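*Asks:* If you read the sequences in order, they're chains A and B. The number in the numbering used here is simply the position in the first sequence, starting from 1, with 1446 added. The number in the numbering used here is simply the position in the second sequence, starting from 1, with 3 added.
These are computed hints drawn from the structure, not numbers from a lab. Among the clues, some could well be false.
Calculated lysine-lysine pairs in the BS3-like style (CA-CA distance at most 30 Å, straight line) [to be verified]:
1. Lys1468(A) <-> Lys194(B)
2. Lys1514(A) <-> Lys31(B)
3. Lys31(B) <-> Lys1776(A)
4. Lys31(B) <-> Lys5(B)
5. Lys1514(A) <-> Lys194(B)
6. Lys1515(A) <-> Lys5(B)
7. Lys210(B) <-> Lys1514(A)
8. Lys489(B) <-> Lys1515(A)
9. Lys1515(A) <-> Lys210(B)
10. Lys5(B) <-> Lys1776(A)
11. Lys191(B) <-> Lys1776(A)
12. Lys203(B) <-> Lys1514(A)
Since the structure is predicted, the reported quantities are computational estimates derived from the model, not experimental observations.
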Amino acid sequence: MEQLLAPLVGDASPVTVIGLCKNAGKTTALRRLMSELGDECLGLTSVGRDGESTDLVTGTEKPDLYIKKGDLFATARGMLTLCDATLEVAGLTDVMTPLGPVAVLRALSDGYVQLAGPSAAGQLPPLTETFLSLGAQRVLIDGAAGRKSLAGAGVEGVALLCTGASLDRDMDMVVAETAHTCWLFARKRPENPALCAALDGAEGRFALFTPEGEPLELPLDESGGPKWAKLPRRPLVLWAAGGITDPLLKTLARRGAPTVLAAADATHVLAGRAALDLFLRNGGELTVRRELTIAAVAANPWSAYGWHFEAEKFVNALRQALDLPVVNVKEAQA
Amino acid sequence: MKLTLELRENAGLQWVLEQLSPMSPFGKTAARDLPWYGPGEETALEAELDNVALAMELWAAGAAKAQPAEACGCGPSGLGPDDLKDAAAALRGVTKQLPLFHDIRGSFDRDPGVPFDLVELFEIKHFLVTLERLVQAYAAMPSMQGVAFPSLAEALELMDPEGRRLPTFSIVNSYHNDLAPLRAEKGKLEKAIRMTQEDKRGPLMEKRRQLAVQEDQLELEVRRMLTEKLMVYRDRFLDSMDTLGRLDLTVAKAKLALRYGCVRPALSADKTIALRGVIHPQVAEDLKNRGESFTPLDLDLGRGCTVITGANMGGKTVSLRSTVLSLLLCQCGFFVFAQSARLPLFERVELILADSGPGAGGLSSFGKEVHLLDKLLRETRGQFFFVALDEFARGTNPQEGAALARALVRHLGSLDCVALMTTHYDGVSDVAGAHYQVAGLVREIEGDEGDDPRKRIARRMDYRLLPAPPGAPCPRDALRVCRLLKLDDALMELFQADL
């Protein structure tokens, strides 16, 4: 098999496969990567999977993964009946799901499995550790689909971003959205080390700093939210722990002085392109506490809704708009 | 007797329980559902106290700063220094396993016809392997009374037929004759599938699917068989978990007793209480955090009602709570927070506080204490009980209140009980069996006017309880206390003029 994705992710672990929307080709990319990494013992888990075998949103079948003998995976107790590989229970995590506790299993034969791992970001690192201690050479995470569901969903290591026609009928729109997400993921930590240290120490929902990392008092209203109108009229760095939304960006854009907005990481930026453009055009800057890396973009010209794009045109448009490797996983397979 | 949350909290037992650190889910259950050793259960209580003493000796001997000189063969275990060291190591071996247990009681609450799933079987094997290690360690130490583990060797043999004690579980081929050939065939097919181009795998995958269904059916048969056989040992499993809980709780009690220097209570045969150097650990800790220290108390209580009088803020209520806490701890099989304690076993221990917070169900504080007292007297008819009452009847007019308090002291004197009551009313101690008075504001100190009023009172207060003659008048310290609390000058002037 042609090595398409494996060279792009290199030695990185974990690799999180994320989708811009449902049916963006996440599973196809994951399967492709698994077969390209056929010699490695893999540890597999998923984020934000509800355990339904049919996708409730689009009605499409949620595909099984066919894994190889020796691979490890995490799933909820209630999902075991959906797995047909010969299994060995290797451990039990303390993560509870509606389908029971999450167990770590080893496949004693090839076979189909369903993943259902922990969804909270903090629960992923211990699971990754468990996989490695049980002999996994690399961890693959079936990540969330849809930019809003990515927030805080623990994108570890490098990400493989899947995008496709299912996002919108309009190809230009899909390309622009993909470029927007890639731009967000390319945000860096601030260059000033003192400011980096200040952000690392930030604990509240919001905090205010000078561009040099000096803490400033943030005036609060009765409900505990910041009094935006009272912010000093000079360059400021605002730390926001939660999601970065349209109203927040619009408020800061109208503030009348440049603002550097610091988010926990790129997945926390939930705002749309329009609000972000407004913020940036008014002198705003976006920085992150934790940098994330997209290793490659996988393009799926087929949608689950009946329309599709011309594969070559779509891939080329993406390549024009992005600085990242773009591959069409389906085409390469055929 | 039921240990209500209100009693546990008022007496400070809840605080003590929060200091306990059971390590297994079974120990946590045992600590939530404490046994109550009543009259007639002296032997069982002594056995539990023996267990705590043994665990204390072994735990202390295993501590990093163990003093070998203590191992003189005169401890509860009767072990010499070398044997004691081994036994201490064995107890550490036991406690090392305790946190590893998961609660699998839920899995055994089932119809034997419903097979365990793979994760449940893994949990059962994990339980059995951990239990085996614990039992091996336990066998190397002097055994605790009533702590014996039923054999689950056959169950372990069943779950680990190869005897490798690996921390994993799978349905191995040896469980069913047809498994090995089927899995071999399926494995061969899977290899063939790997060698075949993806678009030509269809028929092979269909064949594999059929074999996988067959394998699943065989595995289901095996799980049914295992479930049926394991459920035969259900009572032994539940019994083991119960025993683990008791063992865990006993060790937790021992660690608590070592940490706080608690003493083993002696059971008195003559229905009297003798406490020497008793403290209330919750209050003591609170004081310590404020840079003050707790004055240990001595108390002898005979049948009937003993009365405590003394200055405001003189620690009268704390002495009630300390006494009740000691009784509750003893009757739950704990060591007590004292230098020595001799206690009888009561069928019921109660603490009635004048202001035990809201939730009195439409009753005033007076109404509530009368209601609680009435309930207690009704429920304890013919029983040997203990009751502590804090300033009983203080919430009504002084004349009637004093009369009611006196009547109650008289009445309690005629019942089969030990009672302790604090009061500010004169004339109550006249009819009491015994009378204690807080030594009170005895120390003359000058020049600390700028300090925290609480500290100034504490500095002047001698909190000791001293035996006083019946009828000795209640001290008149309210004025001094108010002065120390810096009550408004104009008000103080009027107050003083009116005395």
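*Asks:* Each hint: holds or not?
*Replies:* Each hint tested on the structure:
At roughly 33 Å between alpha-carbon atoms, Lys1468(A) and Lys194(B) are farther apart than 30 Å, so this suggested pair is violated. With a C-alpha separation of about 42 Å, the suggested pair Lys1514(A) and Lys31(B) falls outside the 30 Å cut-off, and the hint is violated. Between Lys31(B) and Lys1776(A) the alpha-carbon distance is near 55 Å, which puts this suggested pair outside the 30 Å criterion. Proposed proximity of Lys31(B) and Lys5(B) is supported: the alpha carbons are some 18 Å apart, at most 30 Å.
A distance of roughly 10 Å separates the Cα atoms of Lys1514(A) and Lys194(B); the hinted pair therefore holds under the 30 Å criterion. For a cut-off of 30 Å, the pair hint linking Lys1515(A) to Lys5(B) is broken: about 56 Å separates their Cα positions. In summary, the hint linking Lys210(B) to Lys1514(A) is supported, as the alpha carbons are separated by about 17 Å, within the 30 Å threshold. For the suggested pair Lys489(B) and Lys1515(A), the alpha carbons sit about 80 Å apart, so the restraint of at most 30 Å is broken.
A C-alpha spacing of about 18 Å is found between Lys1515(A) and Lys210(B), which places the hinted pair at or below 30 Å, so the restraint holds. Restraint check: the Cα-Cα separation between Lys5(B) and Lys1776(A) comes to about 69 Å, which exceeds 30 Å; the hinted pair is violated. Restraint check for Lys191(B) and Lys1776(A): satisfied, since their Cα atoms lie roughly 29 Å apart, inside the 30 Å limit. A threshold of 30 Å between alpha carbons decides the hint, and for Lys203(B) with Lys1514(A) the separation of about 18 Å falls inside it, so the pair holds.
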